[in-house]
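From first to last, the protein sequence lines stand for chains A and B. Numbering-wise (this note's numbering), the first sequence opens with residue 1 and increments by one. Numbering-wise (this note's numbering), the second sequence opens with residue 1 and increments by one.
The hints are simulated quantities; they were obtained by calculation from the structure and are not laboratory data. What you are looking at is a predicted structure, and each value in this text was computed from that prediction instead of being measured. Among the hints, erroneous ones may be present.
Unchecked claim - Each computed DSSO-like pair below joins lysine-lysine, with the alpha-carbon atoms no more than 27 angstroms apart: (1) 213/B x 142/B; (2) 220/A x 210/A; (3) 218/B x 204/B; (4) 3/A x 142/B; (5) 142/B x 218/B; (6) 42/B x 142/B; (7) 142/B x 8/A; (8) 68/A x 57/A; (9) 142/B x 7/A.
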Amino acid sequence: MLKYILKKLLIMVLTLWIIITLTFVLMVSVPGSPFNSEGNSNEIVQQNLERHYNLDKPIHVQYLLYLKSVATLDFGPSIKQPNQTVNDLLGRGFPISAELGLITIIVAVISGIILGILAALRHNGVIDYLAMGIAVLGISIPNFILATLLIQKLAVDWEFFPVATWKSPMHMVLPVLALATGPMAIIARLTRSTMLEVLTQDYIKMARAKGLTPWKIIVKHALRNALMPVITIMGTLLAGIMTGSFVIEQIFAIPGMGKYFVESINHRDFPVIMGTTVFYSAFLIVMLFLVDIAYGILDPRIKVTKKEGE
Amino acid sequence: MKPNQNPQHYNQENVPDEWFTWRKKDIKEQELVARPSLSYWKDAWRRLRKNFLAMSGLVFLILLVLMAIFGPILSPYDANTQVLSKQYQPPSAEHWFGTDNAGRDVFTRTWYGARISLFVGFMAALIDVTIGIIWGGISGYKGGRTDNVMMRIIEILYGIPYLLVVILLLVVLGPSLSTIIIALTVTGWVGMARIVRGQVMQIKNYEYVLASKSFGTKTPRIIRRGLLPNTMGPIIVQMTLTVPSAIFAEAFLSFIGLGISSPNASWGVMANDSLGAILSGNWWTLFFPAFFISFTMFAFNVLGDGLQDALDPKLRK
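Turn these sequences into a full structure, and let the hints guide you.
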């Protein structure tokens, strides 16, 4: 187990290093200086930037200093907003984005699993077709289109929910709905197919023969094994929700990290782009690592195959 | 008692000759197969045809490709000509899908958008498949140290968040059709390579591969003729998932301002342009691109599901 964790840890560090290096290389290779874009006549900002990025030093020194500043979580100042550092933006945006992401994950996982179980229990029945119909639609409709439809119908036409911003639980309903539908659909399909597989196994027949109630069979016996694949795709789902939040935050005018990120792309605010990319990637990679570890702990078969393999 | 006195006990000596008939001429006829033999692909097609949803998806996609090719020719309007006197006309006999904020014909633009979206999707899938087959094929077939190194590289690339790298590349390279395709494929091939490797590793231990090795067949030929045809099923299924995800990525990128630049139509650009318009009631400018993005993804998804069932020999009845 320790060896497994160490191996994953090593890969995680390598991946992080590649991303950090890639951002550096891309920044250096931007034609001209990325800090000289039009409209940037502020003398002080210019000096701050040059000092922060050590543009007067040779390139390998720049690289080492950049690595050091990333390691100490100092992403430097923004170009467009003179008195802002990237850290300020992250500090303001991240809690809101994290809240949105967390609620979305919880909603998606719970509703996806319930939908999947219902579909599996009524295999080839009306509920099954209905649930899978919803799931395929959920996968097919891009979240930004769903978001605009929801705003148009539920917020503008019927005025059930506020159109935008992030203030009260009512404000959260539409963005969470738009963001959670895709992951929910994926989880529902996955839960259904593994449930169908698990339900044919002998130990389920055994449980039924013992006279356990269907509810107990599902919760105590079937669900445990059916949820393993859901855990494996959590990392991918997290990545999807995170990138999805870029547009959702933009559409609903939620002042989260995604909104700043998209704004920085539109303004070509390179330090913010680089800082947020590295931060996002690091966050995601650590999450992937945790998912891997959780899977290793939860699935006893991983240890067995490791021993046999050696 | 001797066993052959019992009439029910026959052996080689006492079987009466009249039980046998001499069949001289019709040896060829005996070799005939009663039913036409089904190749893997014919069988898969037979089963796919029974799947209504998957076939509807296929028909929709074929129609879409045809319209992407011929649609702009059929329409009397140009996709980029702005007629400012005809802003936001609702769908009518004149403009089937209405006109947009600059008086451009949405019908024409939709099919131009289909061209770009489908081109991005298919090109990305094609490049993914090419790199994936080469990488996964070598990795799976060689095994050992080569496989180990190649898989570690894949594992590292797999951890890199896909869309973030795409965004980063596009910010630096500048958005255009070719840079979008390049950006989408830089880490996109990893999934395909994993699938090909898994398949090749499984198949390379079969006897027929051993047989062709013992005939002295060279490695590239074994991979090309012996292994790849049998990995085609999962590869095709994966492709039907890659195309819509590339189309989605292109729409997503257009949406955050990194897509094809605005006078050119792509579905993502059109949807992004008309976001404000629907709030003032001009629903059609968003509806048509949104409908076609969603329906194309839907069609690919159901076709992929159908193909997965049809191409899996284990489900053969």
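Now for the hints, and whether the structure bears them out:
no., hint, verdict
1, 213/B x 142/B, "14 angstroms, holds"
2, 220/A x 210/A, "14 angstroms, holds"
3, 218/B x 204/B, "14 angstroms, holds"
4, 3/A x 142/B, "25 angstroms, holds"
5, 142/B x 218/B, "13 angstroms, holds"
6, 42/B x 142/B, "32 angstroms, violated"
7, 142/B x 8/A, "24 angstroms, holds"
8, 68/A x 57/A, "15 angstroms, holds"
9, 142/B x 7/A, "23 angstroms, holds"
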